[in-house]
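Protein chains: 2
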Amino acid sequence: MRAEVVAVGTELVLGDVVDTNSAWIGRRLAEAGIDSHFQTKVGDNVERIEAALRVALGRSDAVIVCGGLGPTPDDVTREALARVMDVDLVRDEEVLDRIAERFERRGRPMPASNERQAEVPKGAIVIEQRRGTAPGLVCPLGDRVVYAVPGVPHEMTEMVERAVVPDLEQRGGGGAVIVSRVLRTWGEDESALAEQLAPRIEALDQAPNPTLAFLASGMDGIKVRITAKAPTMADARAVLDAEEAAVRAILGQRVFGVDDETIESVVGTLLGDAGLTLGLAESMTGGLIASRCSEVPGSSGWFRGGVVSYASEVKFDLLDVPEGSVVSATAAEAMAAGARRVLESDVGLSVTGVAGPETQEGVPVGTVFVGVALGDEVAAVLLRFSGDRTSIRRLASSAALDLLRHRLLDRPG
Amino acid sequence: MRAEVVAVGTELVLGDVVDTNSAWIGRRLAEAGIDSHFQTKVGDNVERIEAALRVALGRSDAVIVCGGLGPTPDDVTREALARVMDVDLVRDEEVLDRIAERFERRGRPMPASNERQAEVPKGAIVIEQRRGTAPGLVCPLGDRVVYAVPGVPHEMTEMVERAVVPDLEQRGGGGAVIVSRVLRTWGEDESALAEQLAPRIEALDQAPNPTLAFLASGMDGIKVRITAKAPTMADARAVLDAEEAAVRAILGQRVFGVDDETIESVVGTLLGDAGLTLGLAESMTGGLIASRCSEVPGSSGWFRGGVVSYASEVKFDLLDVPEGSVVSATAAEAMAAGARRVLESDVGLSVTGVAGPETQEGVPVGTVFVGVALGDEVAAVLLRFSGDRTSIRRLASSAALDLLRHRLLDRPG
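So the sequences go chain by chain: A and B.
Take 372 as the starting number for the first sequence in our numbering and just add one per residue.
Take 372 as the starting number for the second sequence in our numbering and just add one per residue.
You may find that some hints are simply not true.
Since the list gives no way to pick out one identical chain from another, each pair is judged satisfied if it fits inside one copy or across any two copies.
The calculated EDC-like cross-link candidates involving lysine to aspartate or glutamate, where the alpha carbons are at most 16 Å apart (straight line), are [unchecked claim]:
1. Lys594 to Glu382
2. Lys594 to Asp445
3. Lys594 to Glu561
4. Lys493 to Asp459
5. Lys594 to Glu559
6. Lys594 to Asp387
7. Lys600 to Glu486
Quick caveat, the hints were computed from the structure, so don't treat them as lab data.
Remember, it's a predicted structure, so these values are computed and weren't measured experimentally.
Could you build the full structure based on these sequences and the hints that come with them?
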């Protein structure tokens, strides 16, 4: 059973709205074990929607078309479906009654334009609308099928869950489950990871289940996605567990988390478990690390706060950084120690460097010093990044948090 | 000239990642006056990418394929292009040299896997890579063309701007220009703005050029987009100028900026022009405002820094907030004054409140106090927001910056 998605809306093709519906449907189909290889976006134009549906039906058993079921003249998915089915649109009185009732309950007269929503391609089965005025449609085409659902996200998700996925599962007849797990890494680039994991990739090439894929995600590091297909969810999880273990055996501590875990949430957990609190001193990252830490739910248990010492005088006067270069190991160490003292925390983490676009004190753009004050040790590390100002700031924030993660993992006891 | 987009990546079809690249390219094509009717997403599979490219080439003059140019074995866009062109992949030594140089500059050996990125379908023209290791490709197919660009957003946007759009414009030969301008507002919701602008919307309904559209954008406020279509760029700009003046006459100071301006960049300009510096004290926003301010290029001219006083003790000990409720007007005022003193700035801005998910000191989630210390006045304002933790933090950061913007605009002299 193969299904694909056609998302309808000129605003999607013009890029005024990002199409999140297709992504949601894609994930839902994968969870249900239904293969889904293509997704198409098309504007509000009856010929083009018809063309997109014909292409989709030529390569998939089922198509979910999403959007274009509203009451306004630019909503033409119904017309396109009638063309593909080669039938007329007929008015469904029951649907019309339900739309009229809905307006009555809200104490408003039904605009004439809403009558269009009761028009149904002959031979299509109506999916009752529970959240909006637009009913869904199941349109059989021989052994294939098109489901039409509204484009409003909460109407769409409800209808796909209630009517589309169960119908697809029944048609598919107990298919397999496809599940992914993402191992999140920091410290190596994509090609270095691929090289280290080459033995795994070669092994999997022989029997392509599970599969491994890499995804470079900027300040979120490189993601290694494991995807497994199996008859049941339990079987799929067992495949994921085995492959995760194999990947971790190779990558070790470079894997910082799984799925939705972030470097900051992992650092928070390590700090919380150790009963330690964190104070920050940020210069070039300008509050980005503080913002990331405070975003973690429950961070008040371990995050004391930070000093954003953007101006040099703030470093000197508030953090007791010695006069001299503020982009140096000495400055980073003093900032980490200063943060710990001023914020009364157990651990101090600092970042100073040059985000660009101009060099500073003759130091090139991308130069970053990260300081860590932990226990009796106060030390700084020199890092280098390339990219624009925004990228350098973001990469530096992740690198600093990851350095702290390693220090916490390597702590004796 | 018709162009369409094919976005490559299994993570896109599975819904693990929302495809924002296609939306960006769609918007860019519209701005360039290039028709774009379809967008397709396809997984990392050479047969399916080939199939998607063939469908796209069957209905459009140009195709932009985005992603699948990386160094790992699942990156197979190059192979799919060679199949569509019916040619072999050949190694481009110049591309290889450039990739090798890139690694050399970073002091790392080039992994063998990166050699794949130097393979080019015979007859394709290489688009030099400036931000990553993946070069782009221009693949001519008779009177049609496929452009291949990387999937990493900042690499993609740079390459599309520099090489793809100019080439498309040249091929398309003088059509109409479609240009948009975004007026950015803060302080009213979408329906209130629509109501105030009803007279403009009605006037434009008679002659639909330009058009007005609203886009709610969270912490970036509500955007009012004016779109004009005209034979030349100068004509289109004149239409935009006239409509911008009409909208500003109605919305006044609620318009904080145009296009890429942000509340923080506008605040920075106001501060810079007045010769004032800013210090922050953030509790619930946890460094988000500092991060936004320091992201503005040139912010070192007006941004002194901030104190992220996440723990109450930091408020008491460092900022001299009086003991008692830390979610109060008194605390916000003391924080603003404390920030100004500790950071030696001219202006102090503070935020304290409850981001949730739990209430704090019996204060409901979404309660926010913003304090401003400017000249002789130190004052706090109570605001309320709804939403989840992340939304409330973001909205509070924008509201605080916007409050400061109004104070600076209303300053005597």
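Given identical chains, is lysine 493 near aspartate 459, meaning Cα to Cα at most 16 Å, within a copy, between copies, both, or neither? Within one copy only: 6 Å inside, 50 Å across.
Homomeric proximity label, lysine 594 with aspartate 387: Cα distance no greater than 16 Å: Classified as between: cross-chain Cα gap 11 Å, same-chain 28 Å, threshold 16 Å.
With identical chains, the pair lysine 594 and glutamate 559 could be close in the same copy or across copies; at 16 Å between alpha carbons, which is it: within, between, both, or neither? Answer is within: at 11 Å inside a copy they meet the 16 Å cutoff, but 39 Å across does not.
Intra/inter-copy verdict for lysine 594 and glutamate 382 if alpha-carbon distance must be at most 16 Å: Answer is between; shortest inter-copy Cα gap is 11 Å, intra-copy 30 Å.
Up to 16 Å between alpha-carbons, please classify lysine 594 paired with aspartate 445: within, between, both or neither. between (39 Å within a copy, 14 Å between copies)
Checking lysine 594 and glutamate 561: alpha-carbon separation at most 16 Å within a copy, between copies, both or neither? Result: close within a single copy only, 9 Å intra versus 37 Å inter.
Given identical chains, is lysine 600 near glutamate 486, meaning Cα to Cα at most 16 Å, within a copy, between copies, both, or neither? neither (45 Å within a copy, 31 Å between copies)
Hint compliance for this structure: hint 7 alone is broken.
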